[in-house]
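Order-wise, the sequence lines are chains C and V.
The first sequence begins at 1 in this note's numbering and counts up one residue at a time.
The second sequence begins at 1 in this note's numbering and counts up one residue at a time.
Keep in mind the hints are simulated off the structure, nothing from the lab.
We put the beta carbon where it would ideally sit given N, CA and C, even for glycine.
Hints are all accurate, no fakes.
Derived DEER-like restraints, expressed as beta-carbon distance ranges:
(1) Arg68(V) with Arg4(C): 54 to 64 Å
(2) Asp61(C) with Thr33(V): 46 to 56 Å
(3) Asp88(V) with Phe32(C): 36 to 46 Å
(4) Glu144(V) with Ala15(C): 16 to 26 Å
To be clear about the criterion: a stretch of chain C counts as covered by chain V if any three or more of its residues have a C-beta under 8 Å from a C-beta of chain V, and this derived list gives those stretches:
(5) 14 to 27
(6) 39 to 51
Taking lysine to aspartate or glutamate pairs in the EDC-like style, the calculated list, with each CA pair at most 16 Å apart, reads:
(7) Lys224(V) with Asp261(V)
(8) Lys80(C) with Asp3(C)
(9) Lys127(V) with Glu144(V)
(10) Lys26(C) with Asp11(C)
(11) Lys26(C) with Asp71(C)
(12) Lys81(C) with Glu5(C)
(13) Lys245(V) with Glu17(C)
(14) Lys12(C) with Glu50(C)
(15) Lys245(V) with Asp44(C)
(16) Lys245(V) with Glu19(C)
(17) Lys245(V) with Glu16(C)
(18) Lys86(V) with Glu227(V)
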Amino acid sequence: MTDREIIELIDKSIAEEFELDEAHMKPEALLFDDLELDSLDIVDLVVVLENAFQFKIREEDSIQEIRTLGDIHRFVINKKKELDKQ
Amino acid sequence: MTRPQANRMKRPVDFLLIFLMNLTAPPLILLWTAVGIFLFPALFFILKAATGWNAEQITRRLIWVYGRGWLAIMLPFIRSELIGIKRDKIKPPCIYVANHLSFFDIYCLAVLPSFNVSIAIRSWPFKMYWYAPFMHMAGYIDVENRQWEDIFESAARILSNGGALLFFPEGHRSRSGELQRFYSGAFKLAVETGAKIVPLCIKGTNEVLPPGRWWLSPAKVTIKALEPVDPKSLADSSSHRLIRKTVKNMMRQSLAEMTLDSAGNTDIAGSECSL
Numbered sequence: 001m002t003d004r005e006i007i008e009l010i011d012k013s014i015a016e017e018f019e020l021d022e023a024h025m026k027p028e029a030l031l032f033d034d035l036e037l038d039s040l041d042i043v044d045l046v047v048v049l050e051n052a053f054q055f056k057i058r059e060e061d062s063i064q065e066i067r068t069l070g071d072i073h074r075f076v077i078n079k080k081k082e083l084d085k086q
Numbered sequence: 001m002t003r004p005q006a007n008r009m010k011r012p013v014d015f016l017l018i019f020l021m022n023l024t025a026p027p028l029i030l031l032w033t034a035v036g037i038f039l040f041p042a043l044f045f046i047l048k049a050a051t052g053w054n055a056e057q058i059t060r061r062l063i064w065v066y067g068r069g070w071l072a073i074m075l076p077f078i079r080s081e082l083i084g085i086k087r088d089k090i091k092p093p094c095i096y097v098a099n100h101l102s103f104f105d106i107y108c109l110a111v112l113p114s115f116n117v118s119i120a121i122r123s124w125p126f127k128m129y130w131y132a133p134f135m136h137m138a139g140y141i142d143v144e145n146r147q148w149e150d151i152f153e154s155a156a157r158i159l160s161n162g163g164a165l166l167f168f169p170e171g172h173r174s175r176s177g178e179l180q181r182f183y184s185g186a187f188k189l190a191v192e193t194g195a196k197i198v199p200l201c202i203k204g205t206n207e208v209l210p211p212g213r214w215w216l217s218p219a220k221v222t223i224k225a226l227e228p229v230d231p232k233s234l235a236d237s238s239s240h241r242l243i244r245k246t247v248k249n250m251m252r253q254s255l256a257e258m259t260l261d262s263a264g265n266t267d268i269a270g271s272e273c274s275l
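Chain C on its own, in the form it takes in the complex:
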């Protein structure tokens, strides 16, 4: 998967799960303030990403640092590269 494909899959999965307008799926969008997710949605978000990419991310410490959609893009791209190397 290319980085572009990963980003598209992330945006599509999140938009579908939370019924968001794809026009709002911008890298700088803040998860809480702009996409209006709440703390329970973040738990669902982890499940959605795990199902989309078939790897576990809930034990990763770095997910605590995620604030924007762009942070999710970078996190998943890095994680995928890490797994591809193994």
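Assemble chain V onto chain C, guided by the hints.
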């Protein structure tokens, strides 16, 4: 889906009704609110002595009576239809989830057969200082500022005491009239407590008092209770996401049917029952 019929041609009698409604209902509601606040302490202690209920139950009962008073004031201007609101079908303990179109929705829910309902809402209604003390006494839950564990503890206690919870899973009033995205709280709670979800479809309150408008308008209001959804009856009873999607689909379909029924039956006299 449930868009206000703003484009319908109004007749002179409609303008007269709007004028009369706004002339009479707001002052009566203010008076009713003031009388309610004034009488609350005395009624509280009378009910406490007479029934032995706890403070939450007494306050919920009095709020329910207050809501009924609102409805009585609005009744001359509101044509109403209740569908499936039957005590044996939707009695507590359960979790009611309703679509949200108007500030008026909350008062319409005084039609529910039980008074023992705690409302789970965002934080702003707790800023209405004339209502806030009663909301706290009734055990209403601020789902915006409290942690999930804390919300769960309060909600589980209410359900285990035979009460019900009411959520507006859209989080705020729909400005388009369309069903918005659903937040997960009510459905996660259903999974964790095993309580049934009772979907409630509200139609027409956005014609009475839509978001952003400060005057009332006569309209037909329909409230329909759908079949309760038992989390255990679903293929994956541990998935609040599945319950959320199932309930939302039921409500979307029912609201669409209610809109079609309404469009095909503009002369509704005789098919209504009182709020």
